[in-house]
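Once you have looked at the hints, place chains B and C on chain A.
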Amino acid sequence: MIKSALMNWHKTTLETPTRGKGLHDITETIRAQLRDWGVQEGMCFLFLPHTSASLVVSENWDPTARADLETFMERLIPERDTWYTHDLEGPDDATSHIRAMLTDTSLTIPVDDVNLSLGTWQGIYIFEHRSRPHRRNVLMRVLSVE
Amino acid sequence: MIKSALMNWHKTTLETPTRGKGLHDITETIRAQLRDWGVQEGMCFLFLPHTSASLVVSENWDPTARADLETFMERLIPERDTWYTHDLEGPDDATSHIRAMLTDTSLTIPVDDVNLSLGTWQGIYIFEHRSRPHRRNVLMRVLSVE
Amino acid sequence: MIKSALMNWHKTTLETPTRGKGLHDITETIRAQLRDWGVQEGMCFLFLPHTSASLVVSENWDPTARADLETFMERLIPERDTWYTHDLEGPDDATSHIRAMLTDTSLTIPVDDVNLSLGTWQGIYIFEHRSRPHRRNVLMRVLSVE
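Protein chains in written order, with the working numbering: chain A, 1 to 146; chain B, 1 to 146; chain C, 1 to 146.
Mixed in with the good hints, there may be bad ones.
As the list claims (entries may be wrong) - Think about it this way: if two alpha-carbon atoms lie no more than 27 Å apart in a straight line, the pair counts; the simulated DSS-like pairs of lysine-lysine are:
1. B:K21 x C:K11
2. A:K11 x C:K11
3. A:K11 x B:K21
Said to hold, decoys possible - So the derived label-pair ranges between C-beta atoms look like this:
4. C:L6 x A:D25: 29 to 37 Å
5. B:R132 x C:R19: 43 to 51 Å
6. C:G38 x B:W83: 20 to 28 Å
7. B:P17 x C:D113: 21 to 29 Å
8. B:T85 x A:D113: 31 to 39 Å
Since the hints were made in silico from the structure, they are not lab data.
A virtual CB, placed ideally from N, CA and C, is assigned to each residue, including glycine.
So here's chain A without its partners, still in its complex pose (with noise of 0.2 Å):
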């Protein structure tokens, strides 16, 4: 499918809580925005400006599919493991980082029939590392097509 295109552009910062270390789930916070601009068709740009956190596309159905992703982060990036030097901000400082560089800091999602073009499973993640919680921001961007 070929489309002269109009288009315009959508952007929002989406402010959300997390309740330290795992999967939080935003993925009707952006469906919701969507819906909120009547947005039909287009690309949904998500950015996370942080550095100890990060975006996922994981599976939403069954808890225990993000347990284990969260155990997984944990055994490969152990805070008890001693040959970190980044710690200023405590054992979760430099295991932070390295998590969130194994993961995602942008995601593009196409947008169809006002909704994102996700699979049947998929959620879209924040993924705090922190074990404390924080205030994360999620830059959303969208390129309607018209």
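Leaving out everything else, chains B and C in the frame of chain A:
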């Protein structure tokens, strides 16, 4: 180079069979679609709506490079590990989601001269993390600049 | 905020020397290019056409944070391992492709007020995975909204 731009929007879904675990080259499929559309210049957005496969840009020349990527994943996230809790669909269930998390769900690649602006040695791959063959979809969106 | 948009397209290739393995800051180079073009607002797309280097957004303040990212990669994917089969170009051959797979080839970053909308502590880096210095290209594309 700056260009006051007329934009067009192209979209399709590329259905691709995989033969089970490993890297499956989709570079030529994407290039053929760009030629079909006659997209001179712009941006190509790829999105994989699956949680147990992912997208990877990697070496396209020597098959041993890809074999090593596959071996690395088997070694880092082995199916024989016993700590996974998400195993409803078998030993490749949790491991698939973890491997997907460490690679990509979305890619953005420049288009110039009716071609992907990949490096000489770069190819685009679906990384299938499931043991059994699957049919995978790649959502392809192109913003063309005229 | 919604805006009926006139779009412009900007493109260039930033050639960047690396001094061998490690993180090389390219944030200011990208910012300077945005100022040269006078891009008020839009989306910045970065793509690295190489298979043995990658792009990373990470901590820009404390050099120990970057040192830990580099050490982590050396520990997770050590050159002394003997299972790699892709070693035509030396012990940094397979390891480079694996390290690139775990990080990013493409990044999408919002632009606002003629600047990248990075977090306070975020910088953009080329992660060189080869031991020897290389000249690396970053394909920079900007969709500007006016």
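Against the structure, the hints come out as follows:
1. A distance of roughly 37 Å separates the Cα atoms of B:K21 and C:K11; the hinted pair therefore is violated under the 27 Å criterion.
2. Under the criterion of a C-alpha separation no larger than 27 Å, the hint pairing A:K11 with C:K11 is consistent with the structure, at around 23 Å.
3. Straight-line distance between C-alpha atoms of A:K11 and B:K21 comes to about 39 Å, which puts the hinted pair past the 27 Å bound.
4. A C-beta distance of roughly 36 Å is found between C:L6 and A:D25, which places it inside the suggested range of 29 to 37 Å.
5. In this structure, B:R132 and C:R19 meet the distance hint of 43 to 51 Å, their C-beta atoms being roughly 46 Å apart.
6. A hinted range of 20 to 28 Å for the beta carbons of C:G38 and B:W83 is inconsistent with their spacing of about 54 Å.
7. For the hinted restraint 21 to 29 Å between B:P17 and C:D113, the CB-CB distance of approximately 47 Å leaves it violated.
8. Distance hint for B:T85 and A:D113: a CB-CB separation of about 35 Å, consistent with the stated range 31 to 39 Å.
In summary, the structure is inconsistent with hints 1, 3, 6 and 7 from the numbered list given earlier, while agreeing with the others.
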